[in-house]
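Residue numbers (the numbering used here), protein chains in the order written: chain B, 17 to 840; chain F, 17 to 840.
Quick caveat, the hints were computed from the structure, so don't treat them as lab data.
Be aware that a few hints might be false.
No copy labels: a pair is met if it fits in one copy or bridges any two.
Unchecked claim - Heads up, simulated SDA-like pairs for lysine to any residue below, C-alpha to C-alpha not over 20 angstroms straight-line:
1) Lys162 to Ile148
2) Lys739 to Ser408
3) Lys473 to Val462
4) Lys748 to Glu417
5) Lys473 to Ser489
6) Lys321 to Lys353
7) Lys394 to Thr536
The structure presented is a predicted model; accordingly, all values stated were derived computationally and were not measured.
There are 2 protein chains.
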Amino acid sequence: MATFGDIGLAAGVNILTALIFLIAFAILRLQPFNDRVYFPKWYLKGLRSSPTHSGAFVSKFVNLDWRAYIRFLNWVPDALKMPESELIDHAGLDSAVYLRIYLLGLKIFVPVALLAWAILVPVNWTNNTLAISQATDKLEYSDIDKLSISNIPHGSKRFWTHIVMAYAFTFWTCYTLRKEYEAVAAMRLHFLASERRRPDQFTVLVKNVPPDNDESVTESVEHFFLVNHPDHYLTHQKSFEFMLEAVRCDFEMFSLCLSYFYRVLSFEIPVWVSGSCHVLYLSGSFMVVINANKLAKLVKEKKSKENWLDYYQLKYSRNQSQRPMTKTGFLGLCGDKVDAIDYQTAEIERLSKEIAEERERVKTDPKCIMPAAFVSFKTRWGAAVCAQTQQSRNPTVWLTEWASEPRDVYWDNLAIPYVSLTIRRLIVSVAFFFLTFFFMIPITAVQSLANIEGIEKRAPFLRPITEAPFIKSFIQGVLPGIALKIFLIVLPTILMMMSKVEGFLAISTLERRSAMRYYTFNFVNVFLVSVIAGTAFEQLNTFIHQSPSDIPITIGVAIPMKATFFITYVMVDGWAGVAGEILRLKPLIFFHLKNFFLVKTEKDREAAMDPGSIGFNTGEPQIQLYFLLGLVYAVVTPVFLPFILVFFGLAYVVFRHQIINVYNQEYESAAAFWPDVHGRIIYALIFSQLVLMGLMSTKGAVQAPPLLIALMVLTFFFHRFCKGRYEPAFVKYPLQEAMMKDTLERAREPNLNLKGYLQYAYVHPVFKDDEDDEDEDFNGKSDDSVIVPTKRQSRRNTPAPSKISGASSPSLPDVVLENSSSLK
Amino acid sequence: MATFGDIGLAAGVNILTALIFLIAFAILRLQPFNDRVYFPKWYLKGLRSSPTHSGAFVSKFVNLDWRAYIRFLNWVPDALKMPESELIDHAGLDSAVYLRIYLLGLKIFVPVALLAWAILVPVNWTNNTLAISQATDKLEYSDIDKLSISNIPHGSKRFWTHIVMAYAFTFWTCYTLRKEYEAVAAMRLHFLASERRRPDQFTVLVKNVPPDNDESVTESVEHFFLVNHPDHYLTHQKSFEFMLEAVRCDFEMFSLCLSYFYRVLSFEIPVWVSGSCHVLYLSGSFMVVINANKLAKLVKEKKSKENWLDYYQLKYSRNQSQRPMTKTGFLGLCGDKVDAIDYQTAEIERLSKEIAEERERVKTDPKCIMPAAFVSFKTRWGAAVCAQTQQSRNPTVWLTEWASEPRDVYWDNLAIPYVSLTIRRLIVSVAFFFLTFFFMIPITAVQSLANIEGIEKRAPFLRPITEAPFIKSFIQGVLPGIALKIFLIVLPTILMMMSKVEGFLAISTLERRSAMRYYTFNFVNVFLVSVIAGTAFEQLNTFIHQSPSDIPITIGVAIPMKATFFITYVMVDGWAGVAGEILRLKPLIFFHLKNFFLVKTEKDREAAMDPGSIGFNTGEPQIQLYFLLGLVYAVVTPVFLPFILVFFGLAYVVFRHQIINVYNQEYESAAAFWPDVHGRIIYALIFSQLVLMGLMSTKGAVQAPPLLIALMVLTFFFHRFCKGRYEPAFVKYPLQEAMMKDTLERAREPNLNLKGYLQYAYVHPVFKDDEDDEDEDFNGKSDDSVIVPTKRQSRRNTPAPSKISGASSPSLPDVVLENSSSLK
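All chains should be built: construct the whole structure from the sequences, respecting the hints.
Take a look at the structure:
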């Protein structure tokens, strides 16, 4: 049992680590050559460009302004300054609400900690049970235990305090949760309501279009919706002026024309082709991969050639005297020497043609046309109605659901038939069960292969090497651990793959599902395995053979004994880990490596930035583990709570900074994940009550079990209530809202060409040629970049100067919005 | 352990009982004076009237035609003859599908029984485990055990047969279930599609209309739907010609005018008044009861007076010489003597006025107007859309759902606010838990009060009586049993009350919910309590303290030992009970008692018939218990299956007869209960696999647990699949269907006055004056009575004469469709 001294030492070490990380960050971020690592978000928004065009050569890389270093902790107030509404504009609602999870942690645990320290700690402290048992049974105990429930004598009246506190904590948590759910639901609805026009507001994804012998998918979709939604279905437009206007005059005109004709002929219902087909899904997906791969490969190759062309043209523009030359062979190292610009141009043309042909092939190949479509409606009301109702008698065909944002669509899963979906769910559920409880088996197998004897047996010629003392100790000491470590690193990827196999249609859903699984995995393999020794499988075995009333006792009794372990865990994983997050060591190294070896053009540099995203599928389960720990220990070992508080506070600041300056979200789901967050906290709450019941029933508190069971029932019904009251805001789209927006829009823009607007909204990525342009058209980037600087401007003129973006890049006095000329 | 002889004896006794019931029925039903007891359905449909107008006096009461008695079992082929489509026309889809549950039992268990007897019985029989253990351990065993799994030696390879059979039975059951679900879903959709125009197709129930300070509920509903469903909301009609046409010229013109004005003024949105109000629900419901009671009392009083008036007018018409006189005082026995007809007419007028005043009072009292409305739409499409979508931001207001049939609405629950609903659910769940597991406690308490000593202590003056030997033995022997019996009789009522408290809005939902609870109660207190001795509470206690892996073992081991008990149970409850059902002893006695003492007019006689209904809330759980028993014993003791088969066969015939001739369904839910039926059979299937696993793991069949767990997982996912594939047909209304019907209707009746049609559809019962007329208008009775005889007619002319209705009433040669003249 650890004493206060031990804990203090551990805390010191971890605080020191965290501080080192923070100082390193504070210094590194001031260096101009790291600017793209620590402020990529601003680059992506076009509000900041490489700061290397003026001043001395060295100042391009190192910040020599000593004053900047004095204010090295300025990022903290900067991160906190941006108001939430501005944050939503800047980074999206998902990110803003994600931050609220940390804030929720503070809201729940600050009063809980205060109350626990004011009441529970004195109640626990003023006993001498542990002292007596030390005297009689020679039991060791630590100061921390003296503050915990362990110090209360058997059957004491003082347990009433703990029960009352359990009630108080539960009520407070529920109250906060409810407030928060309400707030987030309101934010979501406000966000959706105040949003600009977006294609997904008008669009419904129709899956499982039934095959028809007489009609193509396209025709069948059109007929169905013309018949069943006659007033709302956006009919096709015949004007050819419009067509001419829409055709873009780039070197892919031919392909575009074809694809445009295709769309016009197919009555404006974009039937998307992802190279995967209905028939093939049951017999394997070879053709799928080949198809998509070929097209994707061609597109990628073309991009690379375009990049080279840019490079050579730039080179030529600098030095007009000499046309750049290249060799046609492998990596430009062998073969005939030709004019580089001409060569690349010719290559690009060839590839464009090939891509166009491949596209046509895919489009005309009936096997490749998926029985799914994005159907657009004239009004939001029409789309809301279609998305929320059943279309056909047979509930497995003509399935409709809201189309996710174009960025959020997961194209590969659009064509899974209904029966296959059920089978996939079954397989994935079984696979996840085995993954959770039996993952140690293959790892143990690998470890047994990777030991010295195994290697020597299989590869006797390696014996001289493996017998070397250093290598031997390395293999014996590190290798077994590495197998486990590698597994844990790839675990999120495995879980994500599982979600993909399960057949969800949006990236946001995939991430939510993976988060759920990751949390379950962590709960079993981190929490339970730490509390009760033994692997998950051994525990499962124990639990099956234990009575249901013994399980909470087994866990409950072990809980107070593991307090110090989890305190250390929080400090290492929470404090130092979060401080490490802000340093972004991996992206920093990778950026500089890429910059040094690969970057040729400005586009490459953009690509090398890798801002990353929040990573909901791994980040949220981690926070949830802290909620679980906090709730479990709130009554049992209140001394635990301050450590959790430090985590939530630090993480809030760090992630707020990262969200403002670094992360670039791939999609915007408008906080669709909140019901999951809420549900898991409720789960943690009920679990904490259960183990408290188990613990107290062994301590002779006879009044505890019935009272705590009642509390569990109440908590459960609170959950039911919240689910009914707030969850619909996250899964449905009220008609009132839709009608309101429709009416407003009709009043404001009576002549809106909605058809033109929705024309290219849902295009499969491989069909997007000028991807960047379209992206900006549809996800609102171009608008944001107008809104945000305006606001900044106005803030700069206010009496209290808050240079949020400026202060975040303190040593860059004249950031000029200039683009390509800065290439070295 | 029972031998074949014991079982044979029990079977003999029960077959005899059943036969006596059937013969008694066969004789009683031929007597004309029982005709209304055994054929009320035909009377209600107006296809049959009292057969007492011709022939000798005695033949009015007793059937003297000896030939009729020869064909006394003719009702069986008669019951089976009517084809299903005709049955649906005749008795509704609910009844037809209810019969399919019995048929499903036959479909599942006939092949299972054949297979089990062909394979399992020989496999079990050709062992001598029991003989050996009898020789060594002196264990008793019966012949039945020799046919059961108990006769297989420990760890034998023969258990593979049982596992394979478990798989085969599961697959067969699932296959049949799927087929049946498909068929019932198709029947439901066909029924809904081919149905005539019905008000509920156009109507949506809107609950929780938010209170508004500036607008009444009526106005607020109108504004909301005008704004949010502008194209579909049925707007109000201003023509006063229409109004005049609609007003009926009965002696309640005044009241009707007022109520009509009220409706016109309130823009055609029928806002219903049930005397219960939003505000009061939280603080109790005193006013509710008072209000509804007063109005209902007045209506009832008026009805009684009208009945007397009929009686006197009839009397006068027979004997014109003398005006009938009556006394104004108590029961017409004292007070002034007045002209009876004039007096009753005056009384009726006075009451009509009072009723009208009371109605106006209720309507104008803002406290009595509930925040709920039935909103009608122009098209089915509009109603389907509104019912399936969320209307407002706040998911607890403007809740919409399909309006049930007017007959099916449970008016009292229309105004429960959302929070109150959650609390009600909580309270009812907790109450049901205690009812199930602790119901023995109050009964034991009552029993202890009702014993001799208790009575003598409390009422010493009764001692002389209670000391009498007969009374003493009566009290000691019967009274404790009576307490339990009374509880079991009132149990369905208690469960129904629970469902009502829970706040469901349709009688069909109430019944479904009660059925679910009744099944749970039976499962715990009949099945489990019989398998493992001890009360439910003791078992709960055992299970809590047992490991999850031991519970199936405990049950599984006890299962084969209880086979004979359940065989007896099936014979008593199933065979004799079903045969008793057809005799209708209670309605028979009550009808004759009422007929003798109370009946004055033809209306009274109608009321005395009491045809009853299927009683889904008690009947279906009983069938489910047989499914459970059949599935559990299919592998363990195959000898059990024939007994179940006899039950299903007998019950099918009996209930088909009853449905054709007796029961009068209160509502038509279009087989909405099927998902529950399906779900409970799946539950029984998984439970049977679980106990089989428990049993086999004790018999040393190590291969069984993993294989049976896999089977359980497969069964569960089969359920998931069916839920997704077929359940939507029972809870949603596809837009394609709605659009189809709308289009057809528009083509057929372009000038339909839908407004007039929907005018009086949803009227609270106390506001219906000429209830019978309106009922017929809206629930299609009047139409059915046209359709059915036509079909009969055509059948009579076909070469194979099938006189279904005629044969069911064999001794009534000239049933004349004449009404009131037959009054004695």
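One pair to classify: lysine 739 and serine 408, alpha carbons no more than 20 angstroms apart. Within, between, both, or neither? Only across copies: lysine 739 and serine 408 sit 16 angstroms apart there, 28 angstroms inside one copy, limit 20 angstroms.
At 20 angstroms max between alpha carbons, let me know whether lysine 473 reaches serine 489 within a copy, between copies, both or neither. Within one copy only: 17 angstroms inside, 89 angstroms across.
Please sort lysine 394 with threonine 536 into within, between, both or neither, judging by C-alpha distance up to 20 angstroms. Classified as neither: same-chain Cα gap 43 angstroms, cross-chain 50 angstroms, threshold 20 angstroms.
With identical chains treated as interchangeable, where does the CA-CA distance between lysine 748 and glutamate 417 reach 20 angstroms or less: within a copy, between copies, both, or neither? both (10 angstroms within a copy, 15 angstroms between copies)
Quick one: lysine 473 to valine 462, C-alpha cut-off 20 angstroms, is that within a copy, between copies, both, or neither? within (15 angstroms within a copy, 80 angstroms between copies)
Could you place lysine 162 and isoleucine 148 in one of the four classes (within, between, both, neither) given a Cα distance threshold of 20 angstroms? Result: close within a single copy only, 12 angstroms intra versus 64 angstroms inter.
Give the relationship of lysine 321 and lysine 353 under a CA distance limit of 20 angstroms: within one copy only, between copies only, both, or neither. Classified as within; 17 angstroms inside a copy, 115 angstroms across copies.
Hint 7 alone, counting from the list given before, is not met by this structure.
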